[in-house]
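Chains Y, A, R, Z and H supply the protein sequences, listed in that same order.
The numbering of the first sequence is this note's numbering, which starts it at 1 and goes up by one.
The numbering of the second sequence is this note's numbering, which starts it at 1 and goes up by one.
The numbering of the third sequence is this note's numbering, which starts it at 1 and goes up by one.
The numbering of the fourth sequence is this note's numbering, which starts it at 1 and goes up by one.
The numbering of the fifth sequence is this note's numbering, which starts it at 1 and goes up by one.
Don't read these hints as lab results, they were simulated from the structure.
Errors might be hidden in some of the hints.
[Said to hold, decoys possible] 30 Å max Cα-Cα, derived DSSO-like pairs, lysine-lysine:
id	chain 1	residue 1	chain 2	residue 2
1	Z	K455	A	K400
2	H	K137	Y	K71
3	A	K101	A	K218
4	A	K476	A	K400
5	Y	K370	Z	K130
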Amino acid sequence: MLNDVNLLGPELVLLVVGGFLLFADLFLKDRRILMGLTLAALLGSILYSAILLTEGHIGSQGFGGALVVDKFAVFFQILLAGAAMAAVLVSTETLQRTPSRRGEYLALILFSTAGLQLLAGSRDLIMVFIALELTSISQYILVGFHKDRWGSEGGLKYLLTGAVASAVLLYGMAILLGLTGSTNLSEIASYIAWQGAGKEEALMLAAVFLIAGFGFKAAVAPFQMWAPDAYTGAPTPIAAYLSVASKAAAFAILIRIFFEALGDDLLAEHWKTIFAALATLSMFVGNFFAIRQNNIKRMLAYSSVAQAGTLMIGLAAISADRGELLGASGILFYLAGYTVTNLAAFTVIILIANHNGGSYDIRSYAGLGKRAPWLSFVLAFALISLIGLPPTAVFFGKIYLFETAVQSGLAWLAVVGAVNTLISAAYYLRPVKAMFIDTVEDEDTQPEVARPSNSVLAAMGLVTAGVLVIGLHPGLLINAAEAAVAAIFS
Amino acid sequence: MPETIFWVILFLPLTAFALAGISALNQNLQRQIPEWDPSYPRAWKPIADQFCGPRLASTPLIIALAVAFVLAVINLIDSIGLRGLPLDIGTHLLFSAGDLKVNLGVRIDGLTSVMLVVVTGVSLLVQVYSTGYMDGDHGYRRYFAFMALFTTSMLGLVLADNLLMLFAFWELVGLTSYLLIGFWFHRPAAAAAAKKAFLVTRLGDLGMLAAMILIYSKTGTLDIAAINALADSGAEAGMFALNGLMIGQTAMTLFGLGLIAGAVGKSAQFPLHIWLPDAMEGPTPVSALVHSATMVAAGVYLLARFFPVIHASSTASDLIAWIGAGTALGAAILALVQVDIKRVLAYSTISQLAYMMFAIGIGGYAAAVFHLMTHAFFKAMLFLGSGSVNHSTNTFDMRKMGGLRTLMPITFITFAVGTLSLAGIFPLSGFWSKDEILIYAWDHNKGVFVLGLLAAGLTAAYMVRAVYMTFFGEYKGGEEVAPGEHGNEDPSHPHESPRSMTVPLLILMVISVVAGFLTIGGEFQTWVYGALPDPHAGKFHWSWGIFLGSTALALTAGFAAFAFIHHRDRIRSWGIGGIWPIPEAQKFATELFYLDSLAENFLARRVFYRWIAQGSAWFDEHVVDGVVNRAWREGLTVSSASRFVQNGWVQAGTLSIGLGGMIIWIAVVLF
Amino acid sequence: MIIGLEHYLVLGALLFCIGFFIALSKKNAVGVLIGVELMLNAVNLTLVAFSRFGTAEVALSTQVFVVFIIAVAAAEVAVGLALALVVYRNRQTISVDRTTLLKG
Amino acid sequence: MDPGFPVLSLLIFLPLLGVLLIALLPGRHTPTQWLVQNAPGNPSDYPKWIALGISLGALIIALVMFIIFDRSVSGFQFIDEFDWISAEAVGFNVKYAFGVDGLSTPLVLLTAFLSVVAVLVSWRIDMRTKEYFAWLLVLETSVLGVFTSLDLLFFFLFWELELIPMFLLISIWGSGNRNYSALKFVLYTVFGSAFMLVGFLALGVAADTFDFREIRADAIAAAFLPAPVIFAFILIAFAIKLPVVPLHTWLPDAHTDAPTAVSVILAGVLLKMGGYGILRLLFTLMPDVGADADLALAIIGAVSIVYGAIVTMRQTDLKRLIAYSSVSHMGFVLLGVSALGVTGMSGAAMQLVTHGLITGMLFVMVGLVYDRTHTRQIADMRGLAHYIPLLAIGMVFAGLAGLGLPALAGFVAEITIFLGAFESQTAAVSVSLLGVLLAAAYILWALQRTFFGPKDEKWSHLPDANHWSEYTIIGALMALIVLLGVYPSIVMDLLEMGVEPIVHEIEAVVSAGAGGG
Amino acid sequence: MSDFGFHLAFWSLAAMTIGGASMIVVSRNLIHAVIWLVLSMLGIAGLYLTLSAEFIAVVQVLIYVGAISVLMLFAIMLTPRAERDNSQHIKTAGPAGVVVIMVMIATMWVAIDTDWGAVREAALTEQARLIGESLIKHYILPFEIGAVLLTAALVGAIALARQDDEDAAVHAASLQAELDDDGSVDPVDVVDPPLPTDGEAST
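Please model the entire structure based on the sequences and the hints provided.
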């Protein structure tokens, strides 16, 4: 039991500190201390994950098989905690806005992160459900946290759609449970392998419901509609967090469920088709809808739909020969690259909005390249990375994922993905154009951009360095991703 | 003679070109000095003023040409000593690409030797003349630079030992003629004429280019001697074969036709003759050198050079014979109605070149070259004479001249001698060469002979008309000098031209008178033929009948024309208009048989530029690009669909979850 | 006829669909939540049916699952109603077809 | 030739060093402002001097490489490589590998040279000079990278990298409808590279390496895509870049609205990347498919030549006219390649080099004229030669070179292509001959309208070429064009060396095919 | 339980459940709808009893009938000016019906057509103890996480529902904006309200 708790370490740190924060809020009035605590918790979580990694706990299962600590889970734990750290670091302004709810805000971020981390490590359907709901409910609240017109509306919509999605997901799980008689992923897998034949329809219905539920979290079309609304309404750090963390965890659990529990050859061929179709749809929907957006948060929301589609390419590839390792590690690598890149973009957007009077209108970015050259440069760099141009993280992520597609005989999917890169260039370049190319009339009267706070600068520096490092030396991360997925596909 | 000498001949004018170019550049740089002072070394300016003046442009060229001329004459004498045996002096690899080896080499035989003398000689005299004619022109230095480049190109053309080198210089000749015709580029007509000349000749050059590509791809060689030897070997079973090279009869015919196309363009034969009259927009010495004596002769030279090829194919030789004959007559008719003295001479040039063309077509290769040489001298003289007239009257319009006989005696005498020579009056050079061609024609193709004979008569007629209108009767006042141009300030009092212009005229007159005697005894033919066997060797005979007939015809036509013009008023009173009995015919002729109009206005402007080019441009803009732009706009429309789909309702999101899930399930279950 | 597993499953499916339809068609946010609750109940019914008729292992885990679902449903409803309240304070309405600031 | 140190890396990344230097220059609000006040000369000129120095340095390196390149050994030289990504388990191996052979050495030199030209021709830029020259240097790095990469992924990386500076250079310092043009350029290229990437990946996956020296025919045969499909995919990217009809419409827009220096680089080097890619990648890796595709390539080439020239005839904007003429001229490259022989391919490679110089010069001249007249409309100009004779000389010279005049560089390439390709592609070459005539027509037409004709008083104030940078560019370009025109062996020998192995491959494949079938 | 009794119980409870649910669809008043929901929930609780799941039945009654319904009623009461007409459906109800029918076909087909492998006739005994045991043994982790979840939801719901000082200004601004425009604000112009002035000094 103690060993089990040990395995839970990374999440436990977050939960405990989160709980502490809830009432620490009552007597600790200083924002810096609260943020410091939160960051310390996240850092502690990362360190704990690292310890688990090095101390020989890899492969251990705890809590009756509900939780597993493998490299796959650890990879996501670190990634998610890192993303949460970035979100916390850039939350200065949000916290200033809501002085009376700081503890809740930070605690909910920690809870949500813990939920996502559990999701990555859970091997039990009930565990999956609870972890998912923990993170979802935290996120509903966080999205509506500002209680303004947009935030509350976004939060409500996210909740209502999310609740339906949860119900659908549960129905799928119920069918699966009834059919296989177990909530444990590996037991489900063995049941399907032995007795699955002839029950494809029920299995597929369950699977479809599961896809809908997790696809909702990952914002994959056609389950993506909440994303733009939630992102637009949410406090921007939360939007950043949602766009990367939710997606990452959703893909983690998709990989686990669909290739650990449902990975039997009986069904695998279907996965290839389904995920390829979803990938295509997501990429087109996300990219086409993003073109006309003038609100950069909304644009990035649609772009995240498209990015989810790109990630789906990896899922589609897993089902094929030789594709397993490559596809899964491609997803992991891409997720990491996408996370740092998107966070970099959001960091700058937050800073710009702070000085712009809170506007996220791309057109108001005109002439920013002159007033705030470094900020603009970082944003442009992040957007160029999101397109998938060198020398950036997403560039290699895309190449890697497309390679998985080609390798699994889905070259057409790679072509679709590559063509979508083209479409995405059309809108990703718009802010770049606005910042560096457009000019404003009253150039001189525009205020200088104030120097951002240290925490934000730190976040910006970290994620930008991440984008560049992954872009210039992807080998390290690729090897890590490979090792992580070997835990599942070996 | 050692090879180096020929390279010296080639590079002498090239050096002159470089010096003239420096001079011309310096002239333009001087304008800029105030603005680029910092980097213009002060020490350089006096040197530039001292040495880079106008003299740097002309003097080196004249010296270079003089030296080259002397060398060419020595070579000619040498060549006579060798009985015209061809000599591949030397060849050097310029570059290679795979199997393609491009050489730079010199080939000397009788033809080349003659051409070298003609080119350097005429060019030398024209340059001397130009120093007077162009004196005071703003573009004096540029002029000589172009002239030097032109001479270089022409020399390279005649020296070339392979087809590619020949083609390269051939194009360069075209270029320099473009530059020289458009020399006074401020005149729109000159700029247009230059462009037209270049394009029309390039149309012919395409044929030559195609011929070259064809022969290379069939035989793998571009060497002139090898090609000629191959063509001369005669076809067996429709196949020429020699020294491992092989080519079919059809390919050989096509090759010949391609060469003919090139020659037709360059030598202004029907239907590509339309550029030459317009080209008279260039300075008159240019016309003398480029459009009478040398450049247009390049076409004839080409066919002479590839004479075995032309004669290896009856199609090719017949074609060029008839083109030549027709052009000879047609151009002579056109010359008869021109009022611009230079245009008369231009059409005359076309007509005379046509003689050479059909001479080659019927096998009178040596006669053609001989006529080329004599024509070069007397036609240069005629043009220079017209330039001299223009120098004092500022016009080329013969209707504004008249009575210059006494005012410009030297010009008159030389012009008259030239006229007589051109008309083929015994014993001037034109007589010998033309009659030789006619005799050939009589022997081999009676139809061509008839046309040639008619043309010969007309030649006398139009030249007499030109001489009469220019030098006889009352002086009609010339024309005021146009603003921005240089010329005689007082055209109402014409005067004889300076010595720099008259001396070359006189020298040319002497040559025109004596050059014809070279043919006596058949020496000339022997040089020119060189190693090439004459298809009609030994069959040539002097025909007194034709000699008498043609002379009589020329005299008759000349006198008739004289009488006709002189008594114009009286003839008019008989109810016949103009010098042409039928007004419609005259209009037909003055409109140049409507050929120019057809080519320029209809084919070039309307069919090509308006229809084809505009259509393509429209297609490019609206279809090729339009599709892309349309796709882009449609993409934006699709993007706008987000407003419909993402309508903000919660249920849109939940609905799509259900719908999406169901579609997937149904698809999986059904398929 | 014996009332067996299928009966309950069909009943659950029917209930799920009615709930889904309510969630899909109601204007009021509370109405939508009612639909969601019905859907969750349908899931619960299905699970309990499996508990009764399924294998021994499944009997317990399904019921545990149901407990969790009920707890989560309560939490969801609480948060949902709180959010609806915030929306109401901002907009004086909780009709989903009127709270459409975020669209496009 | 092993110089003993990574000369190619130095060459490629030297411009980036320049970027760094320029970035470090003190700006308005930096703590190092005192540097600005105490600096000698005009600090706003520093970026251009740095750019000039760096690009000259690169030129010197390229020139030295060109000279010491061992002409007796075929294959790649100056190789500079190490493993970059090696994920053996999944077969994703990328090498940092650079090297040059006979084909790329002249192109590298051309790039380095035109980069100097581009810097010089931008001498009068006074808007945001720091960024401008920095991006120009990034552009140089990316193009050099493309010409020297030995790894498909690095090739692709540099291929894409070039988009960023191009987009910004066109849309910030351009003119006219510059945003549209810049975006169009980017979208076209990305469209093409999308397909190219898939093709590369298919190759890389099949061979477990992206080093194209190590990709063998049997690996390609085992690829997940059929070789013809891979070939077509990669060809799309190169065809867009080249560009060929009907994928060419980005070119006139991009050229017209780009600043002069960018037009020079675009026409001079970027288009060459397409031709280079076809020779280097398509025909080296898939000679069998290439040999089958020869007729299609020839037809596309011929259509590009003739159609491009005809459309050029109707252009009223001088820069647009030259841009369209590029379409026509680059058709020759395809035509030469389709010959599948050493002669034709050498000609095609030569065309890459010569067209780079000639069109580069044309754009330089148009740019200099535009700097003075501020119009590019042919209809607005007349008789310019009276007032700016030196520029007129340059323009006429460049124009004549462009129409393929002997003794100038363009002629050599075109004639070699014609002679090399006629035997195998008779019809296409015959049609293409028209292009020679049409080229003369549009160039002479443009010259006549703009530079000749009566004086127009409105231009009497125009200064002629009057700055040392202008003399340098014009003089250097003229000299090189004449040099290559009269003595093409300097580069032709190298290019021949470069294409010979390719042709041998093709011949081996064709004879094997003939023997087997 | 006799066979007939079982049948009667099942069918009547099923009718009650489905009927209640159906009435939610058609009832005019939202409060009535909640009442119908309660009825349906009770029916389900009864069905749980027929399935011998007494513990779940009790929980069902307590949570759903006792808590959730009340919560909903409170929510309805707290939003007095909101639209309460429950019978009006949104415009996409038609398509929604189609989709629901599709879902129905799918789920029922699966429910009927699948071989569920149902083997057991006897019900689980001592459910409350077993469930409790397994919650603290086998499912201890989900249990703990569930606790956190409930805490989070609780805290979050409170944080959302209570009106802090800074919220008043936000709501006031929103209502003003609501009066100023008719809700057709373009989302592109989303601008965060200005920072509250009583916050700490910005860094």
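Quickly compare the C-alpha distance for K370/Y and K130/Z to 30 Å and report which way the hint goes. Status holds; Cα separation ~12 Å.
If you draw a straight line from the CA of K455/Z to the CA of K400/A, is it 30 Å or shorter? holds, 28 Å
Quick one, are K476/A and K400/A close enough, alpha carbons at most 30 Å? Given that 30 Å is the threshold and the Cα spacing comes to 5 Å, the pair holds.
Given the hinted pair K101/A and K218/A, is their alpha-carbon gap at most 30 Å? holds, 15 Å
Within a Cα-Cα threshold of 30 Å, do K137/H and K71/Y meet the stated pairing? holds, 26 Å
Consistency with the previously given hints is maintained throughout, with no hint failing.
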